[in-house]
Each structure stands twice: as C-alpha cells, then as structure tokens.
Amino acid sequence: MNNSDIPLSPYQEKLTAYVDGLLPPAERAAFEREHPEAAAEKAAISALGAALRSHSEPATLRHGEFFNRRILREITPAQPVSTAEIPAWKLWRLVFAGACCALASVGIYKAAVAPDTLQTKYFAEVLSVKAGDTKLTAQVVHADGIAVVWIDGFEKLPGDYILK
Amino acid sequence: MIHQMVRNEDDAWDLSQDGFVRAWKNVKSFRGQSSFYTWLYRIMTNVALDWLRRKHVRGNAEFDDTIGLRSIEPGAPTAPKPVPAPADGITSGEVRGRINAAIEMLSPEHRAVIVLRELDGLDYKEIADVIGCSIGTVMSRLFYARKKLQHLLRDVYEQL
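Chains V and D, in that order, give the protein sequences.
So the first sequence is numbered by this note's numbering: it starts at 756 and just counts up by one.
So the second sequence is numbered by this note's numbering: it starts at 10 and just counts up by one.
Bound-form chain D, shown alone:
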C-alpha cells in the first residue's frame, strides 16, 4: 500500500520501517475499537500521507485537483482526451509510466483513497476508518480522484 502511494520502492521500505516502529511505540494506545489490521493500516497510511504532504510542501508543483474538472461535468459519460491516442498501441512499460505519472498528479488524500479502494479493495467504511474521515468524504475524494485519472488516462485504459 505504501509503495503504491509513494511510487518509489526505497522510500516505501523506509516508510514501512517508520510505520512499524511507530506501531511498536504506540501499541499501548491500541484499544481494540477497530481490528488490529485496520489500526496498523491507519498508521501506515498516515506515515505515507505525512511523507506525501511534506513532499508537497517542499515544492512539488502538482496536486492541482481542478485539472480536468473545470470543463468537464462530473459524471459526464465522456471527457476530452488529454493526448491523442498512439496509432500503434502502447507498451506495458509506457502504460506503467503513464499510470505512475497520473497517480503522482493526485493530491495525497486522493491518492490514498484510490490506492485503498482500487488497489487494496477496501470498502468505504474501511477506508473511512483507516483515513479517519466520514464515508461521505471518502466518496467525494474517490469521485474526484477517479475523474482526474479518467481525464489523464482515458486513452490508456480504453486501449487495454
């Protein structure tokens, strides 16, 4: 999960270590109100979110969530393609690169819900527990994150 969020293996292992150490140091605060799995997941997600926010503050000029939303009605059945589709298809490596680039354009909060929902398969309630927000917030973030990825990757996933 951390790897999917930070998109860099070395950073992911460092953050995993931080997460495990933080869990160890705070294990006394685990009160059994959620499953241990959810509690650990929350710590790991927060570690990754903190790292992404710090990275954001340090000057990565991305995470403009309004990209692709000003001119597109949310829920519109089609959206303009940002780049023309290559004529002869696209290789797996290129697809991976496009997906990585698109995910890196998401804000930390959007990235988290996309990873938890689409890659880890958590339901709304579990995501809300892990992130510490309401189900409505989860749905809102998911909606806008998907819209942005659709805008950035439509030509990619339509070919697959």
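The following block holds chain V by itself, in its conformation from the complex:
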C-alpha cells in the first residue's frame, strides 16, 4: 500500500508547517501553547534532517570527459550517407584509381612473375612433319635453357642448309 497522498489532518498540516518554520509568529505561538509536544517533534525532525545531510555523500564525477562524450554521442544526430550525395568527380577518381591499379598489376606480373614461369629462354614446338620419307621424324628437346630441334632419318644433310 502506498499512502503517499493521504490528506493530512489540520493538526498534521500545521505540525508540518511548524516543523519547517512556515507558521507566522502569532500562529506559531498559539500552536506551541496548544501542543507543547510540538517543540520536541520539531527538534527530532531537525536532528533527523541534520543526520541525513551530514551522512549523505555527494557524488563525485570521476570521468567527466567520458560522461560528456557519451552525452554528445547521444545528442548528435546520425548523418545518413546516401549515394546521391557523393559527387561525380569522386566516382571518376575511384574508377581511374582502379584502372591504374589494374595496369600496374599486369605490368608487375609481366616484368617479374611471368618470365620465371618459363622453363627455358627459347621455345620451340614441332606442330607437324610433312616429308615423303616416312622414316623422317622431328622432335624438340629442351635442355639447359635452349631448345634443340632434333630431326632424325636424313641420309645426308646439305652443308648449306639453314634451319629457319
């Protein structure tokens, strides 16, 4: 049960005003004459109030900056970011930067990575062999960084023959 708002009797109301020193002098004197116990009540409530005041610790703000920052964060309205507000020149700059990155990646790959992936400096491959003599064969041999075209089956190779 909460009797916070129970109306006071006239005596209780006067007593409360008397305790808080709110009665006019004439009324106070008459009240003290009629109710001699009121002075003791006033003294008791004064002692109670003094005890409450003397043993109530004031709160000390130990982290004021943090406190202020939290309040500022709460009261600062959030800024919505929409694509419509992004200027066109920023988009073009992004596209240009992306293209530069792509070109640089290709250049770096060609200059540094791709050569290492080749086994030899020279590359040769026999795609087909067309000769009247079926004993004639051709193959490629890769070794020590060179490619050798090995032709087998000739009875005699002309001295002025130049491989092209």
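These are computed hints drawn from the structure, not numbers from a lab.
Treat the numbers as computed from the prediction; the structure is a model and nothing was measured.
Each hint can be trusted.
Stretch by stretch, here's where chain V covers chain D in the computed footprint (C-beta under 8 angstroms, at least three residues): (1) 21 to 35; (2) 120 to 134; (3) 150 to 161.
Built from N, CA and C at the ideal position, the CB exists for glycine as well.
With chain V fixed as given, assemble chain D onto it according to the hints.
Same frame as chain V, now just chain D:
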C-alpha cells in the same frame, strides 16, 4: 539529487546522462513558465522517479509506507525504537549504512520529497513545481516520509 534518490553512484551517472539527453531533446518544450533550473530539476527528478518505480515493479518488496504508522499516532512526541541502541555508539559508516537502508525503504514519491526538502533545501512550492503536484500533497508526503524515517532512524539521530 539523483544520486541521493537512487543511492548508487553508477546508476546515478547513467540517469544523469539520460536526464541531460531528455532535456536536450525537449528543450523546445521549455516555455519559460518556470525557471530553467526548475524545469531541468523536474526532468532529472522524473528520470529518477521513473527508474525507482521500474525497480519497484521489478520486485523490490519494500516501500510499505504503513510501516511504523499503524501503531504510532502521527505527530506523537515519541515513537518506539525499532532496534535497541548500541551501547558503545555507532560508527560513521554504520550511520551511513542505516540511513541508506532507511531511505531505500521509502517509496519513490516519499524519497523524492525527502531528498528535495532535507538534502537539497527546496521549499514546498519549488518541490511542488518539480514533482508536478500540489503543495498539500508535498506536505502530506513529507509528513509521512519523515514519520517513517523517524521510526527507522530514531536511535541513530538521537546519538549524533
């Protein structure tokens, strides 16, 4: 003031922050009918009262305002002591603990008027403005809150 009402420093700072934010958001509703100080005080008091009421609803089984009033005539010059007075006095820490415990036994409404009147020194009119009730209601709450504290703390303040 909030600290005195909620009796816990961390909760008090959180509620102070809520109060300042609420004041910021509602500053347009301030029409100058009372001083800005009173308006801000009202917001802070309401924040603390709301918190105490929620805490009350969540199941703190206190705030029985009839404690000490059934058997005691309001305004009686003396009241029975709830606990015997310690023979060798009482330390400051114990006094603080007893006062905290007694204030926590008060309902949010009683706690508010006690804090505003006894600790913050507001007069009846200011308290009525802050809480948003009549002066008669303030006097009634003050009367019963004091009675209850007298009942709970008589042995404490009689020794001081």
